[in-house]
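Chain by chain, the residues run as shown.
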Amino acid sequence: MAASKSGRFPITQTVDASDPVRASAEHTVREAYGRILALLVAGGSPIASAEDALSDALARALDRWPENGVPDKPEAWLLTTARHCLIDQARRTKTAAHHEPHLIQMIEEAEQRMQVQTEFPDERLKLLFVCAHPDIDPALQTPLMLQTVMGLNAQRIASAYLVQPSTMSQRLVRLKQSLKGSDIAFAIPERDQWASRLNAVLQAIYGAYNAGWDDHENASLADEARYLAELVCSLLPYEAEAAGLLSLILHCEARRPARRDKDERFIPLSEQDHALWDDGMIAMAERCLGLALRMGAIGRFQLEAALQSVHAARKVTGQTDWPAILAIYERLLTINPTLGARVGQAAAIGQGFAPKQGLAALAELPHDSVEHYQPYWATRAHLESKSGNIAEARDAYDIAIGLTADRSVREYLLMQLAKLGET
Amino acid sequence: MQYVFLLHEDQAAWDALNEAEQAEGVAAHMAFVGALNEANAFNSGAPLGPAGQGKLVSADGIHDGPFADTKEQIGGFYMIEAANLDEAIDWAKKCPTAQYGRVEVREIPDYANG
Amino acid sequence: MQFAILFYESADDFSARLDPARTDYWQGWASYSRSIGQSGKLVSGAALNGPEVGATLKSGTVQDGPYAETREQLGGFFIVEANDMEEAMRIAARSPTAGTGAVEIRPVLPTTTSED
Chain A
1 MAASKSGRFP ITQTVDASDP VRASAEHTVR EAYGRILALL VAGGSPIASA
51 EDALSDALAR ALDRWPENGV PDKPEAWLLT TARHCLIDQA RRTKTAAHHE
101 PHLIQMIEEA EQRMQVQTEF PDERLKLLFV CAHPDIDPAL QTPLMLQTVM
151 GLNAQRIASA YLVQPSTMSQ RLVRLKQSLK GSDIAFAIPE RDQWASRLNA
201 VLQAIYGAYN AGWDDHENAS LADEARYLAE LVCSLLPYEA EAAGLLSLIL
251 HCEARRPARR DKDERFIPLS EQDHALWDDG MIAMAERCLG LALRMGAIGR
301 FQLEAALQSV HAARKVTGQT DWPAILAIYE RLLTINPTLG ARVGQAAAIG
351 QGFAPKQGLA ALAELPHDSV EHYQPYWATR AHLESKSGNI AEARDAYDIA
401 IGLTADRSVR EYLLMQLAKL GET
Chain B
1001 MQYVFLLHED QAAWDALNEA EQAEGVAAHM AFVGALNEAN AFNSGAPLGP
1051 AGQGKLVSAD GIHDGPFADT KEQIGGFYMI EAANLDEAID WAKKCPTAQY
1101 GRVEVREIPD YANG
Chain C
2001 MQFAILFYES ADDFSARLDP ARTDYWQGWA SYSRSIGQSG KLVSGAALNG
2051 PEVGATLKSG TVQDGPYAET REQLGGFFIV EANDMEEAMR IAARSPTAGT
2101 GAVEIRPVLP TTTSED
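Residue numbers (this note's numbering), protein chains in the order written: chain A, 1 to 423; chain B, 1001 to 1114; chain C, 2001 to 2116.
It should be emphasised that the hints constitute simulated quantities derived from the structure, not laboratory data.
One or more of the hints may lead you astray.
[To be verified] Capping the alpha-carbon separation at 30 Å, the derived lysine-lysine pairs in DSSO-like fashion look like this:
{"no.": "1", "chain 1": "C", "residue 1": "LYS2058", "chain 2": "B", "residue 2": "LYS1093"}
{"no.": "2", "chain 1": "C", "residue 1": "LYS2041", "chain 2": "B", "residue 2": "LYS1093"}
{"no.": "3", "chain 1": "C", "residue 1": "LYS2058", "chain 2": "B", "residue 2": "LYS1071"}
{"no.": "4", "chain 1": "A", "residue 1": "LYS262", "chain 2": "A", "residue 2": "LYS356"}
Bear in mind that the values here come from a model prediction, so they are computed numbers and not experimental data.
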């Protein structure tokens, strides 16, 4: 993958194995990006200035470390260098003369800390919460998190959201400009706002995961989302929904090797070879879910993870516990009645009991909502087919295919449709 | 039968023309449409925005246009009726783009008639 | 706003048109066209036969040989109505060609002749 087209983030997204020192430098820098950026912002610098300063520091690191070797405390080196860049920036713009003492003070404090401790306090959580501030357009919260905490460039983020890279870049720049002048406080919100802000953070991370889920070329967006979920979980070990989200993501990741065959063809869950499911990841997912449930604060992500847990159990028991699935859906729909969940419930009714009952559940969904909703039509097609309603099944497959953007899924549906014709 | 004319034009050359020259160019196309209409041969047509402002979607993801890295880009199209390729070519010769750019004539397949 | 969606199909796509075993090619296009048609956003469109049965004119005369030697050739186009480029791109992404070839989306310029 090429370096960022904006030129601002000079690191390649994959590590260059042919140059081990550079590779080590890049790895360190990549690992530290979010932490250092968060510290710079915590010190009072606007996000855009912090990114520029960090970008300069990174460029210098990648310039000098291959020659001089990676320093003993590379993150400290980067932080100090970035703070020096901020001072230079401030001097050049002449607006921040009164900030200088503050920045210099921060550098001295940081240098003292470096002598004393090896670990930086993690300010990334604060950064995530800032990104989820309600005044920020929800559609931009996830891209902002991906860019600031994970250091992804606009091109990577844009492809996943089917947005032009230049547009995504412009939006993020404009957003950060507006954050400069705003009152958005860089602080953990008060207790009464905590729950909704955390929920926004989790939703944004889940959104990123889903964007990467369908995109097999860019599967690493899913990896970034998983990393964020792990981060939030580790920073907030007593938040049940954070553990629930991580469990959900791990369960889905565990099955990734089985989603496509060697020819890139789509394999639906019911036909997946569970020998290909990652046992270690499933075990981790189960531990997270167990921890979450014991906290006694049930929520949407825990319930979705529970659904995945039941599906995963098929590996051990050889069958799917449909009554359990349906019980979970009932609960889920009382707290989070999304269209996706309702279609999922109908599919479970159809598969677990009778296709006709599943169709009846689908029929209860308002026509306007489902008219262009691909999962509805794919589920309907399957259930119509199982019910022997071939004409309706053909129609539903036809509509589903026209709504499908994923090539492998489209080919799968085309094949199912063709099979109908053979009877 | 139906045919499409793909008008391959040099955007830079067009941008370099002055207003009067551009107006002349547009007028020439409108005259061409007029002639097609009189013969009941005109179906539709439109100019396209600059290729550099287009976007590409493929299995590789999203990229900025243009599709091909060539000096000439598709600047517009016409859809016409003609009895056969030779008649379509006769019309294409009258299209202003055939003088300053390239006109690519393509058949629209007639699936209804096998 | 109107957008032109240009479908650049692969050689495999073109040969699928004539291959009786490749019903998936036609079904994919039928489903997609129906979907866009039903959304009310399809203004016009056409499949195109390949350049080998067409012709290229330059300086008023017919040229020998194909116009362009690219891996993918224009195989058809849609003109669609959409609120913005992003919506047009989402429409384009559902096409069969988005997975097998390349799809170009360009704004259609308003003409003095268009009344609608």
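To see whether the hints hold, each was checked on the structure:
1. The hinted pair formed by LYS2058 of chain C and LYS1093 of chain B meets the criterion: a straight-line CA distance of about 9 Å does not exceed 30 Å.
2. Distance restraint check for LYS2041 of chain C and LYS1093 of chain B: the Cα-Cα separation of roughly 33 Å exceeds the 30 Å cut-off, and the hinted pair is therefore not satisfied.
3. As the CA atoms of LYS2058 of chain C and LYS1071 of chain B are separated by approximately 15 Å, the hinted pair is consistent with the 30 Å bound.
4. Simply put, LYS262 of chain A and LYS356 of chain A have alpha-carbon atoms about 34 Å apart, too far for the 30 Å limit, and the pair is violated.
Hints 2 and 4 from the earlier list are contradicted by this structure; the remaining hints agree with it.
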